[in-house]
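Chemist: Chains as they are written, first to last, in the working numbering: chain P, 1 to 231; chain B, 1 to 99.
Hint data in this document are derived by calculation from the structure and do not stem from the laboratory. Keep in mind that a hint or two might mislead.
Stated by the list, open to error - If you want the footprint, here are the derived chain P segments under chain B, 3+ residues with CB under 8 angstroms:
(1) 35-41
(2) 117-123
(3) 135-146
What the hints assert, rightly or not - Calculated Cβ distances over 12 angstroms to all of chain B for the following chain P residues:
(4) V158
(5) P161
(6) V162
(7) I214
This structure is a prediction, so every number in the text was calculated from the model and none was measured. Quick reminder that beta carbons are idealized off the backbone N, C-alpha and C, glycines included.
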Amino acid sequence: MSSTLIPRPHRRIDRDAVREMAPVLLGITPFGLLIGLTISTHPVGVAAGLGSAAVYYGGTAHLAALQMIVAGAGPPAVIAAVVAINARLLLYGAALAPRFADQPRWFRWAGAVTLIDQTYALASARPAGDPAAFRRYWLTLGTTLGLGWLAGHVVGLVAGPVLPAWLPLGIAAPAVLVGLLVPHLTRRTGRVAAVVGGIGAAAAAPLPAGVGTIVGAVAGIVAATVVGRTS
Amino acid sequence: MSAAVLGLFGGAVATYLLRVVLLAVVPAERLPARVREALPHVGPAVLAALTVGAVAHAPSVAAVLALLAAGLVARRFRNLAAPMAAALLVVLAAGLLPT
């Protein structure tokens, strides 16, 4: 039988997605370790801490919620802070909506779980194409990030207490964000959005957690839109 | 269920709702034209705001230099491990300097 008659096995894993996500995982691992370390001594317990990590699928809001609970905040305050911190996900959802519009219903509901800074940045940098290819790419991207992210939590739970204190792990996550930002700066509107967004976030930093990010982001988006119209 | 667990998982559910509303509930074509016009600028604006927000609460010369180094390295190398390594090295080096 000719080999051309034998169908190729359906490839379920997008290798590009794994290759692109691997260095991102390196960057966010210290953050995952930190959250694992926080969970190890948290009053909600390890099961609730790790279980909620899978749904939060992101560190900033999860860490803020864990810290607020320790500080005595009630559920309404915790939820309000989480919404403020994660309001940017609405913007990501709006930006990726055209890629999800032609997808099956199950994917639109399940794929939303893995919408976060890193998956958004990588997926939005790819040209729009075949819906099935995007689906495979997105699922591989999200699964790779999720497994690595949760593995970081588990390592933090187990090994966090013995990590050397001099290791500057806190700078790793912002450095990865810079790495994700730089490719957007080739266009003038991208530079305007970044500069105004950064200045806005710095000016609004004294506001409650997450609000400064939203203020800066909205300022950057509006400024870049105005510049885009005039140029 | 304790208030702590309720708050923790309430935040998780709220996060999922923020993700899914524009991906599965409101069709993309119903988005106003002005919103669609602004969408390409979401990435750089939010990433810059997140980066600044991550260091703004405890700003230091070492952190700013580390992120500048990360940016310069990211322009040269597409691998995201490179800017992270550059930033870590700058902070470590800054820690070795006499104060």
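Chemist: Now tell me if each hint is right for this structure.
Modeler: Now for the hints, and whether the structure bears them out:
Coverage of the stretch 35-41 of chain P by chain B is violated. Counting CB-CB distances below 8 angstroms, 0 residues qualify, and the rule asks for three or more. Only residues whose C-beta sits within less than 8 angstroms of a C-beta in chain B count toward coverage, and the stretch 117-123 of chain P has 3 of them, enough to reach three; the restraint holds. For the stretch 135-146 of chain P, the stated coverage by chain B is violated: 0 residues have a C-beta nearer than 8 angstroms to a C-beta of that chain, whereas at least 3 were required. Its beta-carbon lying about 21 angstroms from the closest one in chain B, V158 of chain P satisfies the requirement of being farther than 12 angstroms from that chain.
Once the 12 angstroms rule is applied to beta carbons, P161 of chain P is consistent with being away from chain B; the minimum gap is 21 angstroms. Every C-beta of chain B lies more than 12 angstroms from that of V162 of chain P, the closest at about 19 angstroms, which supports listing it as non-interface. With a closest Cβ-Cβ approach of about 8 angstroms to chain B, I214 of chain P is found to fall inside the 12 angstroms limit, against its non-interface label.
The structure shown violates the earlier hints numbered 1, 3, 7.
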